[in-house]
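For this one, chain A is given, so just place chain B on it according to the hints.
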Amino acid sequence: MGYVAVSGGEQAIAASLDLTELKRVGAGRSIEVETILAALPELVEQVESEGSLWAPEVAATAVKQAQGSVEEAVFLMRAYRSTLERLYTSRVIDTDTMRVDRRISAAFKDIAGGQILGATRDYSHRLIEFELADETPADVRERAAELERALAAEPQAEAAAAQTRVPRVLTYLREIDMVRSYPLDDTEPVDITKTPLAFPAPRSVILQALSRGLTQAVIAIGYAAIRGFGLSHPTVGELRHGTVAVTIDAPGSDAPTEDDAYYLGAIPVTEVESLIVSDEVDDRGNHRSALDVGYGLVVGDDESKAIAMSVLDHSLRADDVRYPTQDQEFVLYHIDGVEATGFISHLKLPHYVTFQSKLDAALRSIAEPEKGGEADA
Amino acid sequence: MRKNYNFAFLDEGSKREIRRAILKGVAIPGYQVPFASREMPIGRGWGTGGLQLTLSCIGPDDTLKVIDQGSDASVNAVSIRGLVRETTGVETTTVTQEATLIQSRHRIPEHPLTRDQLLVLQVPTPEPLRTYEARETVTKRLHAEAEYTGAYLELFEQIVRYGTTTTGADHPVMVEDRYVMAPSPIPRYDNAKLNMAENLTLLGAGREKKIYAVPPYTHVASLAFDDYPFVTEEFEGARCHRCGATGVYLTQTVDPATGAQIWMCSDTDYCDQRVEAARAAATARKGGDAR
Chain A
1 MGYVAVSGGE
11 QAIAASLDLT
21 ELKRVGAGRS
31 IEVETILAAL
41 PELVEQVESE
51 GSLWAPEVAA
61 TAVKQAQGSV
71 EEAVFLMRAY
81 RSTLERLYTS
91 RVIDTDTMRV
101 DRRISAAFKD
111 IAGGQILGAT
121 RDYSHRLIEF
131 ELADETPADV
141 RERAAELERA
151 LAAEPQAEAA
161 AAQTRVPRVL
171 TYLREIDMVR
181 SYPLDDTEPV
191 DITKTPLAFP
201 APRSVILQAL
211 SRGLTQAVIA
221 IGYAAIRGFG
231 LSHPTVGELR
241 HGTVAVTIDA
251 PGSDAPTEDD
261 AYYLGAIPVT
271 EVESLIVSDE
281 VDDRGNHRSA
291 LDVGYGLVVG
301 DDESKAIAMS
311 VLDHSLRADD
321 VRYPTQDQEF
331 VLYHIDGVEA
341 TGFISHLKLP
351 HYVTFQSKLD
361 AALRSIAEPE
371 KGGEADA
Chain B
1 MRKNYNFAFL
11 DEGSKREIRR
21 AILKGVAIPG
31 YQVPFASREM
41 PIGRGWGTGG
51 LQLTLSCIGP
61 DDTLKVIDQG
71 SDASVNAVSI
81 RGLVRETTGV
91 ETTTVTQEAT
101 LIQSRHRIPE
111 HPLTRDQLLV
121 LQVPTPEPLR
131 TYEARETVTK
141 RLHAEAEYTG
151 AYLELFEQIV
161 RYGTTTTGAD
171 HPVMVEDRYV
181 MAPSPIPRYD
191 NAKLNMAENL
201 TLLGAGREKK
211 IYAVPPYTHV
221 ASLAFDDYPF
231 VTEEFEGARC
241 HRCGATGVYL
251 TQTVDPATGA
261 QIWMCSDTDY
271 CDQRVEAARA
281 AATARKGGDA
291 R
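Quick note, the sequences are listed as chains A and B, same order.
Residues in the first sequence are numbered consecutively from 1, following this note's numbering.
Residues in the second sequence are numbered consecutively from 1, following this note's numbering.
Worth flagging that the hints you see were computed from the coordinates, not collected in a lab.
One or more of the hints may lead you astray.
Keeping only pairs whose Cα atoms sit at most 35 Å apart, straight-line, the calculated DSBU-like set for lysine-lysine is [to be verified]:
no., chain 1, residue 1, chain 2, residue 2
1, B, Lys193, A, Lys348
2, B, Lys140, A, Lys358
3, B, Lys286, A, Lys358
4, B, Lys24, B, Lys286
5, A, Lys64, B, Lys140
6, A, Lys348, B, Lys286
7, B, Lys24, A, Lys348
8, A, Lys194, B, Lys140
Sample of chain A residues lacking proximity to chain B, with all beta carbon distances greater than 10 Å (derived) [claimed, not checked]:
no., residue
9, Gly9
10, Glu32
11, Arg288
12, Val353
13, Thr354
Even glycine gets a Cβ: it sits at the ideal position worked out from N, Cα and C.
Only chain A is shown next, with the shape it has when bound in the complex:
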């Protein structure tokens, strides 16, 4: 049947998969998962963040299998995630206990606990280091030893080492009543991977959807919100990076305590508290300008995503929806990478039957001008 455009599917798919696999191995070189973990940590973290699964080895394997396509690696992670039983719920993670290796504030110069620049590219010059092209494993080891020596000699070395229980910038602002206060909400959070979206979305849903959202989409929509299609121009009250411990209650215990909890491991996170000026009306109808907080927390290192998340967290709680960036359905329905790329890519599937139906309808509208048409309308 030569004239059915897509047929013989079985052999065609097998050959196509072979071609794809040949692209991975054809050049005669491969990369070890350990090397990916060591050399491309931010890529692995992005795949875990959007894949919403903390599993470095699996993520690095996905990166390898996907030949470096983030979209594909995230997809692999999400599909794998669907097969995993949820055995435990972790204890609430208090980010006050984060082991902080970087924290900055754009609101205040001197903050309790001090600003810790940590590792950042913010002040690097974006010049390609061409000599990296010829770097050997021996060079890498030598460079590492050299850097460790130099950093140990820094007078700030001790202060720069990871700290726990770093005070928050916002605590000060809360003390002087400059930040809009909200009653503590201890409602059980909704798990968006087990509950379909419903609107208006509770805060837990907004935060989860943003945190695992497509990184570039979160950043782009967050950018739109601060540039012109939104009202939030935030000040980064505090941005911190570090690791947080994940613990579960000892199974079977009746009165679980923190001391009995099992430690599962630690995950790197970036946390942002943004301050956004907003209008507040008191009981007597008087307006005052108060600071509202937007919150961002993402797995890994992506500070742009965390900041954009804090912007969108705030704009999606707007009472008065004026811009798409404040519209929960607009943002939350379209920010998931697997969904966006899935629906876009489905356009490549055959649409022979549906297109025939469209043609038929179009032909019918041409064939029946005497019955209707603009002249009659």
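The following block gives chain B in isolation, referenced to the frame of chain A:
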């Protein structure tokens, strides 16, 4: 780091959850039941809703058929069939009558289905009111209040502008006089097959996270007006170039040998069965002649 997958891919907890949504859908024909759609190992928008229904319902004794736009050989049908076979080990078939579970994208087989067959349709856009109302919160309310003026108004505007309705596939239907439902982008020609069908039809939208159902013997009517009745696609004078069939859904194509425009059955199994039957009849005749 060796890992194995569960029977039918999904974990049992997820399958139970999806089956509960299916039961609710069957109990309220045409109502879109939200469910926590899982990510699947195929593209989201490539039949993940249908696939989750199939994987949640399938048992080791089932016989599976998967078609895409009528064809068993279409690449995505092959891919989905392969995935289900690999994760369940069930028998697969292309013969409509042999299948106990049929997953399909955008077609209902020509051969009428029976009470022992389950039809799963893949749905890209489950919300029939989405074309004129973008917001889920609003469409949910419109369904709750059975406020379907907009759906009819859309058809009315088409008639005013073009003198005819111009819906292609996915022409909305009224289910059991209660819910307006997107039948998935099956051609208008297939809409009638949903009405008072012997089989259960499940519809799954993975990306949009909705499951809905048309139980057996449910009234399903395509939206239309008394003076502008519902019309199906027209194939007047056309017949299948391969099996000669008329009165089935055909798609246009070009004969690569002659360059002429020809028509083909969209349901390739139906076409194959007719060709096979004609060949058998011819052989029988020849055999008769020889004797």
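These are the hints, each one checked on the structure:
1. B:Lys193 <-> A:Lys348: holds, 28 Å
2. B:Lys140 <-> A:Lys358: holds, 28 Å
3. B:Lys286 <-> A:Lys358: violated, 44 Å
4. B:Lys24 <-> B:Lys286: Outside the cut-off at roughly 56 Å; violated.
5. A:Lys64 <-> B:Lys140: The given pair, whose Cα atoms are some 43 Å apart, is violated under the 35 Å limit.
6. A:Lys348 <-> B:Lys286: violated, 46 Å
7. B:Lys24 <-> A:Lys348: holds, 33 Å
8. A:Lys194 <-> B:Lys140: holds, 20 Å
9. Gly9: Since the minimum Cβ distance to chain B is about 4 Å, Gly9 (chain A) lies within 10 Å and the statement is violated.
10. Glu32: holds, 13 Å
11. Arg288: holds, 32 Å
12. Val353: Nearest chain B Cβ is 4 Å from Val353 (chain A), so the label is violated.
13. Thr354: The claim is violated: Thr354 (chain A) sits with its nearest Cβ about 4 Å from chain B, within 10 Å.
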